[in-house]
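A.B. asks: Here this note's numbering is used: the first residue of the sequence shown is 1, the next is one more, and so on.
Hints listed in this document are in silico derivations from the structure and should not be mistaken for laboratory results.
Certain hints may be false.
Pairs of lysine-lysine, BS3-like flavour, derived with a Cα cap of 25 Å [to be verified]:
hint: 1; residue 1: K161; residue 2: K60
hint: 2; residue 1: K183; residue 2: K91
hint: 3; residue 1: K200; residue 2: K60
The calculated label-pair distances, taken between Cβ atoms and stated as ranges, are [as the list claims (entries may be wrong)]:
hint: 4; residue 1: E94; residue 2: R173; range: 32 to 38 Å
hint: 5; residue 1: R54; residue 2: R173; range: 34 to 40 Å
hint: 6; residue 1: S47; residue 2: H96; range: 31 to 37 Å
hint: 7; residue 1: Y69; residue 2: D49; range: 33 to 39 Å
hint: 8; residue 1: I42; residue 2: S93; range: 21 to 27 Å
hint: 9; residue 1: E160; residue 2: T111; range: 42 to 48 Å
hint: 10; residue 1: R108; residue 2: N202; range: 39 to 45 Å
hint: 11; residue 1: N202; residue 2: Y92; range: 15 to 21 Å
hint: 12; residue 1: K161; residue 2: R108; range: 29 to 35 Å
hint: 13; residue 1: R195; residue 2: V52; range: 36 to 42 Å
Built from N, CA and C at the ideal position, the CB exists for glycine as well.
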Amino acid sequence: MRTRDSIMSFKPYFSRVAAAFALTAALFAAGCATTSGPKTRIDYDRSADFSVYRTYGFPKETGTDRGGYSTLVTSYLKSAMSAQMEARGYKYSEEHPDLLVNFYMNTRERTEIRPDARASVGYGYYGYRYGLYNAWPMYDEDRTVTYKVGTLNLDIVDAEKKQLVWEGVAEGRVNEDELQNPKVAINAVVTELMRQYPGKPNM
1 MRTRDSIMSF KPYFSRVAAA FALTAALFAA GCATTSGPKT RIDYDRSADF
51 SVYRTYGFPK ETGTDRGGYS TLVTSYLKSA MSAQMEARGY KYSEEHPDLL
101 VNFYMNTRER TEIRPDARAS VGYGYYGYRY GLYNAWPMYD EDRTVTYKVG
151 TLNLDIVDAE KKQLVWEGVA EGRVNEDELQ NPKVAINAVV TELMRQYPGK
201 PNM
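Full structure from sequences and hints, please.
C.D. replies: And the structure:
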């Protein structure tokens, strides 16, 4: 049995993990809330009869849970997906749902090489020339741009067959200046993906 001291020693670790994951989720959500919006794509099982499904639920541990506990991001995603599923006529079932809804989020860095036309007209490093004279064309330089890209996966699974029947993916550039309300941004992304969901129950 763990002593009280040994349990307390894990708390800083779990706090760091929770804080890092919450920041990652917030960064992604804020990036997807930009005016350009994330790129989305969907795929689904063309042989599945979506009208036979009437209930939905969530796995005991979703892809956004960490260390055996549910994160705030998990609660935001469950709330957003519940609203979308119930708007289509599905009923929530904790014990024996027809459909299981799972999700996963991550961020990664992407690097691009871009031509920097500013160098030849005296901006950037050569800003001291601005208004006096232009650089030779050879001073044109490429610049390396590194930024974060966030991805959200939504999975809808036939619970009995344990078979994926629909997948939605959203990917967007993360703008760290737009860290605002991740719950609102997650709702927006989930709503956009679920516009492309093909079914609802036969009533």
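A.B. asks: Does each hint hold? Answer for all of them.
C.D. replies: Now the hints, each set against the structure:
1. With a C-alpha separation of about 17 Å, the suggested pair K161 and K60 falls inside the 25 Å cut-off, and the hint holds.
2. Among the hinted pairs, K183 with K91 is consistent with the structure: their alpha-carbon atoms are about 23 Å apart, no more than 25 Å.
3. As the CA atoms of K200 and K60 are separated by approximately 24 Å, the hinted pair is consistent with the 25 Å bound.
4. Checked against the given bound of 32 to 38 Å, the beta carbons of E94 and R173, roughly 37 Å apart, stay inside it.
5. R54 and R173 have their C-beta atoms about 38 Å apart, which keeps the hinted 34 to 40 Å range intact.
6. Distance hint check: the CB atoms of S47 and H96 are about 23 Å apart, inconsistent with the given range 31 to 37 Å.
7. For the hinted restraint 33 to 39 Å between Y69 and D49, the CB-CB distance of approximately 36 Å keeps it satisfied.
8. Separation of I42 from S93 is about 24 Å and conforms to the stated range, judged on CB atoms against 21 to 27 Å.
9. In this structure the hint that E160 and T111 lie 42 to 48 Å apart at CB holds, the actual value being about 44 Å.
10. Taken as a hint, the range 39 to 45 Å holds for the pair R108 and N202, whose Cβ atoms sit roughly 41 Å apart.
11. Between N202 and Y92 the C-beta distance comes to about 18 Å, which sits within the given range of 15 to 21 Å.
12. Between K161 and R108 the C-beta distance comes to about 32 Å, which sits within the given range of 29 to 35 Å.
13. For the hinted restraint 36 to 42 Å between R195 and V52, the CB-CB distance of approximately 22 Å leaves it violated.
Comparing the model with each earlier hint shows violations of hints 6, 13; every other hint is respected.
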